Amino acid sequence: MITLQMSFNGAIEIRSVDRSPSVYLDHCAFRNISEDQSRRESFIKILKEKDGTLCISWLNLIEFAKVDPSQQKLAESFVDEVLPNVVFLKSDPFFVIDRENDFINGGAQILPHIDAEFGKSLLTGGAKSIKLLSADSLFQLAACPKLLESRKNIANTVIERIEKLRYQFATNSEFANRVDTFIYHDTALRGTPLLIREMIRSLLKNSKLIMTENHAFDLMHTVVPVSYCDFVLLDSHWTTQIEQARKRMEKDGVLKFPMAKVYSQKNDGIASFVSDLKNYTVPSTNLKQAV
Numbered sequence: 000m001i002t003l004q005m006s007f008n009g010a011i012e013i014r015s016v017d018r019s020p021s022v023y024l025d026h027c028a029f030r031n032i033s034e035d036q037s038r039r040e041s042f043i044k045i046l047k048e049k050d051g052t053l054c055i056s057w058l059n060l061i062e063f064a065k066v067d068p069s070q071q072k073l074a075e076s077f078v079d080e081v082l083p084n085v086v087f088l089k090s091d092p093f094f095v096i097d098r099e100n101d102f103i104n105g106g107a108q109i110l111p112h113i114d115a116e117f118g119k120s121l122l123t124g125g126a127k128s129i130k131l132l133s134a135d136s137l138f139q140l141a142a143c144p145k146l147l148e149s150r151k152n153i154a155n156t157v158i159e160r161i162e163k164l165r166y167q168f169a170t171n172s173e174f175a176n177r178v179d180t181f182i183y184h185d186t187a188l189r190g191t192p193l194l195i196r197e198m199i200r201s202l203l204k205n206s207k208l209i210m211t212e213n214h215a216f217d218l219m220h221t222v223v224p225v226s227y228c229d230f231v232l233l234d235s236h237w238t239t240q241i242e243q244a245r246k247r248m249e250k251d252g253v254l255k256f257p258m259a260k261v262y263s264q265k266n267d268g269i270a271s272f273v274s275d276l277k278n279y280t281v282p283s284t285n286l287k288q289a290v
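Straight run, no breaks: the sequence shown in numbering that gives the first Met the number 0 ends on number 290.
Any given hint could turn out to be false.
[Claimed, not checked] Between beta-carbon pairs, the in silico distance windows are:
| no. | residue 1 | residue 2 | range |
| --- | --- | --- | --- |
| 1 | D267 | T156 | 31 to 41 Å |
| 2 | T239 | F174 | 17 to 27 Å |
| 3 | N155 | N278 | 35 to 45 Å |
| 4 | R177 | N31 | 31 to 41 Å |
| 5 | D275 | K207 | 25 to 35 Å |
| 6 | T239 | V178 | 14 to 24 Å |
| 7 | V178 | I103 | 17 to 27 Å |
| 8 | I103 | E40 | 33 to 43 Å |
| 9 | D179 | H236 | 12 to 22 Å |
| 10 | V66 | F174 | 35 to 45 Å |
[Claimed, not checked] Below are the DSS-like pairs computed for lysine-lysine, each with C-alpha atoms no more than 30 Å apart in a straight line:
| no. | residue 1 | residue 2 |
| --- | --- | --- |
| 11 | K44 | K277 |
| 12 | K72 | K49 |
| 13 | K49 | K255 |
| 14 | K49 | K277 |
| 15 | K265 | K207 |
| 16 | K277 | K246 |
Everything labelled a hint here was simulated from the structure, so no lab data went into it.
Since the structure is predicted, the reported quantities are computational estimates derived from the model, not experimental observations.
Cβ coordinates follow ideal geometry from the N, Cα and C atoms, glycine included.
Using the sequences provided together with the hints, build the complete structure.
See the structure below:
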């Protein structure tokens with residue numbers, strides 16, 4: 000949840016509060032719910048009744064760069080209706096892992112996945128808005144040439160890293176053996192390191208899968224949200240990968256951290272998600288942490 004408070008010098012400051020149940024939607028799910036009036040109203044009503052949180056990443060914005068402006072406006076109005084029950088999260092798992100390690104070692108005591116700076120983009124509201132908090136023009140900003148170029152660079156960097164690891168996996172037996180070995184530390188703050196390892200492991204073993212921009216973004220839609228949220232909607236491939244990783248970690252006794260419940264749009268997954276969200280029991284303290 001986003002709240003506003005006055006600083007000592009009189010300036011308005013934004014505060015991000017992460018409350019359960021927290022929900023993350025990948026691009027397809029975001030569009031599906033924001034563009035379907037019935038699903039949209041149902042989702043917002045339930046989330047606000049539970050005092051939960053919609054988690055949004057800059058990746059959500061970037062993926063709206065190439066869609067029709069009318070769809071961007073629907074996404075913006077959807078976020079406006081959900082406000083203030085919104086937080087922004089970091090989608091780069093390696094950045095989040097570094098933050099987790101810093102937290103464990105006595106550094107900044109904030110939730111590593113929260114992107115407080117990105118949250119400030121809502122503070123002034125759009126040029127046409129009179130509200131202090133507004134998503135007006137938020138998704139349309141993603142269509143600027145700089146972000147479009149950034150989209151390509153991010154995807155290419157992820158793809159290049161995976162292809163290099165695939166080569167190592169195919170040519171270095173010692174490395175291949177390490178890929179199949181769980182490395183879990185009891186001091187781990189969250190399951191992010193194991194989840195990124197498991198997701199990359201699946202890509203290394205499936206060498207016939209041709210990595211695309213969509214695969215790169217889907218990987219980033221998956222790891223941090225599943226590590227920190229309660230409910231995550233993904234495509235069917237990544238939902239399967241998460242469930243297989245969950246079973247493997249349970250079997251090896253290393254699943255010692257919370258993982259989101261995941262859904263895909265196949266087999267009426269969105270309806271199942273909405274039903275589970277409605278039946279979710281809010282913990283006695285649903286406040287995770289604020290920054």
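So, going through the hints one by one against the coordinates:
| no. | hint | in the structure |
| --- | --- | --- |
| 1 | D267 x T156: 31 to 41 Å | holds (36 Å) |
| 2 | T239 x F174: 17 to 27 Å | holds (25 Å) |
| 3 | N155 x N278: 35 to 45 Å | holds (42 Å) |
| 4 | R177 x N31: 31 to 41 Å | holds (39 Å) |
| 5 | D275 x K207: 25 to 35 Å | holds (34 Å) |
| 6 | T239 x V178: 14 to 24 Å | holds (19 Å) |
| 7 | V178 x I103: 17 to 27 Å | holds (24 Å) |
| 8 | I103 x E40: 33 to 43 Å | holds (42 Å) |
| 9 | D179 x H236: 12 to 22 Å | holds (21 Å) |
| 10 | V66 x F174: 35 to 45 Å | holds (40 Å) |
| 11 | K44 x K277 | holds (9 Å) |
| 12 | K72 x K49 | holds (26 Å) |
| 13 | K49 x K255 | holds (26 Å) |
| 14 | K49 x K277 | holds (8 Å) |
| 15 | K265 x K207 | holds (23 Å) |
| 16 | K277 x K246 | holds (26 Å) |
Comparing the model with each earlier hint shows no violations; every hint is respected.
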